[in-house]
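So the sequence lines, in the order shown, correspond to chains F and Y.
Quick note: the first sequence uses our numbering, first residue 448, plus one each step.
Quick note: the second sequence uses our numbering, first residue 20, plus one each step.
None of these hints come from the bench; they were simulated from the model.
A couple of the hints might just be wrong.
Unchecked claim - Calculated pairs, BS3-like style, for lysine-lysine (alpha carbon to alpha carbon, straight line, at most 25 Å): (1) Y:Lys172 with F:Lys996; (2) F:Lys677 with F:Lys711; (3) Y:Lys523 with Y:Lys418; (4) Y:Lys52 with Y:Lys324; (5) Y:Lys236 with Y:Lys136; (6) F:Lys996 with Y:Lys488; (7) Y:Lys172 with Y:Lys52; (8) F:Lys658 with Y:Lys423; (9) Y:Lys172 with Y:Lys40; (10) F:Lys777 with F:Lys711; (11) Y:Lys40 with F:Lys677.
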Amino acid sequence: MNVMTDPDAVTVDPITLQVIRGSFETIAEEMGHVLYRMSFSSIIRESQDLGAGLFDVNFNTLCESESTPMHIGSIPGYLRGIAETLEDDAWFEGDVVVHNHPYHGASHTPDLAIVVPVFFHGRLVGFAGNTAHHVDIGAATPGLIIDVPDVYAEGMLFAGTKLYRKGEPNNAMWNYIRRNSRAAQQLVADIEAQVASARLGARRFVELLEKYGEPTVFAAANQLMDYAEKMTRQRISEIPDGDYSAEGWLDDDGRNRDKRLKVKVTVRVRGDEVEVDLTGSADQTPTAYNVPFEGSTKVAAYAGFRKLLLDAATSDLRVPSNEGSFRPIKVTAPLGSIFNPRAPASAEARFTQCNRMIDLIIRALAPVMPEKVIAGSSAAISFAAYSGVRPSGDYWVFLEVNEGAYGGRPRSDGPDSIDNLMANTRNNPLEDLAMHIPMICDRYELRDDAPPGAGEYRGGIGVVKAQRVLTQAFITHESERHTEAPWGIFGGRDGTVGRCTITNPNRPEALRDMPSKFSGLAVEADDVMTYYSPNGGGYGDPLDRSAVKVLEDVLDGFCSVGHARDVYGVVVDLEAETVDMAATEKRRKKMRAV
Amino acid sequence: MARIGVDVGGTNTDLVLECAKGVFYHKVPTTLKNQSIGVVEGVQGICRMAGIAPSEVETIVHGTTTATNITIEHNGAECGMITTEGFRDILHIGRHKRPYNFSLHFDVPWQSQPLVKRRNRIAVAERILPPSGVIATPLDERAVREACALFRKRGINSVVIGFMFAFLNDAHEVRAREIVLEEMPEAYVTLSSEVAKVMREYERFSTAAMNCYVGPKTAFYLRDLDSRLREAGVTSKLRIMQSNGGVSTVESCAKRPIRILMSGPAGGVIGGASEGAMAGEANIITVDIGGTSADISTIPGGVLKIMNPRDTYVSGHPVLTPMIDLVTIGAGGGSVAHIDAAGAFHVGPRSAGSEPGPACYGRGGVEPTVTDAQIVLGRLDPDMALGGDLRLDASLSHKAIEEKIARPLGMTVREAALGIIRIINNNMALAIRSNSVARGIDPREFSIMPFGGAGPLHGVALAEAMSCKDVIVPVAPGITAAVGLLKTDLQYEHTEAVIVELMKAGGAEFTRINAAVATLRSRVEAELDNDGIPRDQQTIMVVAECRYHGQGFELRAVMPEGPVDAANCHVIADSFHDQHQQDYGYSYRKAEVELITLRAIGSAAIRRIEIPTIPRTDGSSIDRALMFVRPTTFDDGRTLETPRYDRTRLMAGDRVPGPALLHQHNATTLVPPGYVAETLDYGNTRIRLIGA
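Produce the entire structure from the sequences given, and follow the hints as far as they go.
And the structure:
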């Protein structure tokens, strides 16, 4: 029998460590690449709403692809859930497991995990796995759900389910999946792509073990985790000890329109450790608007600190994607609250709450980290499911993630119309879309109905996207922030709330202002859903913004001449395309005096 | 009849001249402000070396970084854009994905350095509808004229025209150009349907915008170079290396400068491929190691690979144009070794460049670089750099490594230097892997071909890391890219979007496909005709870019001989299934295959440089080439008394056992113990394990 040398007893020299780290990262990227290039549904192939990586037998992440943040760090939760529920209570070589149960560690039900055990010399040594968002798993409404009674309305639930046992396909299960989705062809082909990616990862893992030896590889993995932990602790210890709080309000739960939901974040910094306490946030909701604690709440909190403390753009260090950076961070949410619901509550629509939590972590820490934080971002998402039935009787389902905007920053404006915080997907080419489904985009531009939050560095500008359906269709929309604008900071002004309308070019008078969340809305041919994402808040006093920057914004149509004069104190000559510097100085002086 | 290849790099302009008297090599400093000054000087210089008059030069082939540098330095033309109402900000939004997952302070290059500022993107009424391309709203011609008036007021003379669904119907783009040229006769105009007639609005608009952004300056540079050469008495044809590895004319590149954004590295890849043929090896992985970066390309079966157009980005902007499949990583002689706050040991991607350069240059650099590690290990002789033209100070290398790496990590200087080399080699090996193994290529069937001055120091280590079969060192490693310029063909490509589900296709679809093929062929023929290539010397290949219905990424499939019909249509689908299997290790044999784009590639062979062979060994001892013996440290940590040989004095068939260094003016080759270096017919070298 093979007995593994205790990896703690092995010290890997710094050079081999970098070599193994590089190999891990390449394997994860390769797994992600195969998955999104092969897949059929646009949510995976274009949006790249997926994650992939390798894990040890204790479910520690050894490496993970740089795909979308909501997936990064979520797979260990799935692995723990699989351990609780695994068919046969044992792993065999050649097994492939599918898992998505939100009360057994999943991020949310549409994100199916595919996990393959990795055997080395006949012994289980780890896992290769990935997660990907699927178009339709047979939930109550096509694509997305919000207004549903419980988790059983979310569609097919898998827990430790074997799609292959010892290399043999479980045909009954494959057939079951094929019969229970509105987009069965895409679902099955995309699961096949996930299996191909996971198997590739397992093969590469074994090659790595053969090359460097098991003790060295796992010792290196441990050292890399310690390294990430050390980096994180160092940065936490730079924050003064204390309790920092911030709160905000979510629009509603998707059913009870008059009831706003509180999000309260308390960040407790003690030496080189930190706790994110969500106590005081709303109770769990009766709809799908809840956040699975293990697979989503914790993952989002970790990601928030990673952005704040280990900014990948400003530091030339790259911290490896592994468990180490999570260790000094504790996440608390009372059972029965929106961030830690009790079964059988549904918890599918969880994204906007996660984004708002991160936004509030940033806000809470603003007083002690003014150079690291940014003003309030859109911190929402627009997740739309369009669907309909073709003349053949088959469904078409299209999931679209719309972007947001960032808050102003200590040294630069907030980026415009871009995926925000936990989201980082790619949009669908509008031409590709219109060639393949009965929809067409009428407008995709920057918002010009309201300015972004003014500031020395202004907030980012949100998007306006108008999608028209060409036949009768259903729309479900998961969004937020129609009632509370992104916050300005250090003298910066607040941004603008989001908006969603339904119109029809044939009946221009019938404009419907929609709530931020709605489920299974039946719409007519030529109905247009227009989404306006929130504009970001401003950072610093608008009177300190460079007059030339204000001019540029006026010329680019980001700011009117009046707004420039009234808020920024900048007098622009639009005809000459110049700033009247003397008048501006005079005006700014007067405004400062008030 | 003489021909010159001239490759402009960041530091040096390399030249090679081939004439009846033989092959000559020359290097002059690059003139960064205007590359043409250095090019003309170099051309005059190499003609003097060869003893010929500049008027005897028949052709000059040029590899240039001019267009690339415009994108790096952000000093392209101020552009205007005319686009579809409702879609003014396609270029600003891009694919709405951030460059970093975990960052709050990231830059968004397409927003902070826009190719066209929003104020100059004018949306006009017009609408073309899918799937047929029917016109739903006619072009608002008055709005186009008003846009021109604004551009004139702002002094803008470079105009992008990009309309939604123009890949289905280009009538509005063509009409808008007519109007723009009436209003602004001198304008530099690019149509999105002309540069990339494919689906996907952002990528198509970005490609057109990039063409307008780099166009005016690049066109000026090329025409200026042409006239300077003429003033210098050079009457030859000037040809430019394109990113796809084919050469083209000055006029054609001035019109489509996006085709030469990768002109620089392309010459190296082609040079490497042809050196592979000279050594009798079809499967080659080229590694072109410069001062700051390394370009890596995998060439299976002697055929250059062209990147999937979905992967071609330049300075953060997508540019849909054929480019040789290569990866560039921040690993070169100037890569800096450093230790971070948490104690991790890194090499690169930051480079010391040529100013201050590696510590051993003595120009004030105190950070240790890869070059310093080579010096400490005795792999570079400080008195032999560039044949002794460049003097290096070994003590400065030693000091930098000791202070910055060895002492903090508690290592000896030698161990630290070995570590630097090992990490940089590993970084390169990982990049090679991503360009080879990750695409299903087995490196055991490939030879590593290292070049650039420092390349052959890394060849054997990279071959070991990748389990490659051996190492082939080119004849003149420091100048391989320039030689590559004289080893390629004229090449042009055009595309047409033809979206057809192949398994359901009938007569109407086949007619569309065949009509598109005919259009593409005639366009490519016209370009080759323009170059004066007789029809019987033109080669035109058409490929079908396909995907499974519902997928988002296309792969290339072959087209059947003759017109496509019901009987031979399966050829396309079969070839696509096979390609999918090869690229991803999986195929869906029963799924519908959808044709998305047809691409015609036209080429015409031009005469290749002939590198002369060297004499066979007369059986005499290799001692004739021995220069001196010095200690050198190898990767296994052993320091051995290592002989240095003058590579130019070795004869074909000579075998130099490791440990050894082979010196020549522009490069040093490392032969570790256990390996043997065999001189091949052209003075090129094969290094392999003894007994292998």
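Here's how the hints hold up against the structure:
no.: 1; hint: Y:Lys172 with F:Lys996; result: holds (21 Å)
no.: 2; hint: F:Lys677 with F:Lys711; result: violated (29 Å)
no.: 3; hint: Y:Lys523 with Y:Lys418; result: violated (71 Å)
no.: 4; hint: Y:Lys52 with Y:Lys324; result: violated (33 Å)
no.: 5; hint: Y:Lys236 with Y:Lys136; result: holds (18 Å)
no.: 6; hint: F:Lys996 with Y:Lys488; result: violated (58 Å)
no.: 7; hint: Y:Lys172 with Y:Lys52; result: violated (29 Å)
no.: 8; hint: F:Lys658 with Y:Lys423; result: violated (31 Å)
no.: 9; hint: Y:Lys172 with Y:Lys40; result: violated (57 Å)
no.: 10; hint: F:Lys777 with F:Lys711; result: holds (16 Å)
no.: 11; hint: Y:Lys40 with F:Lys677; result: violated (65 Å)
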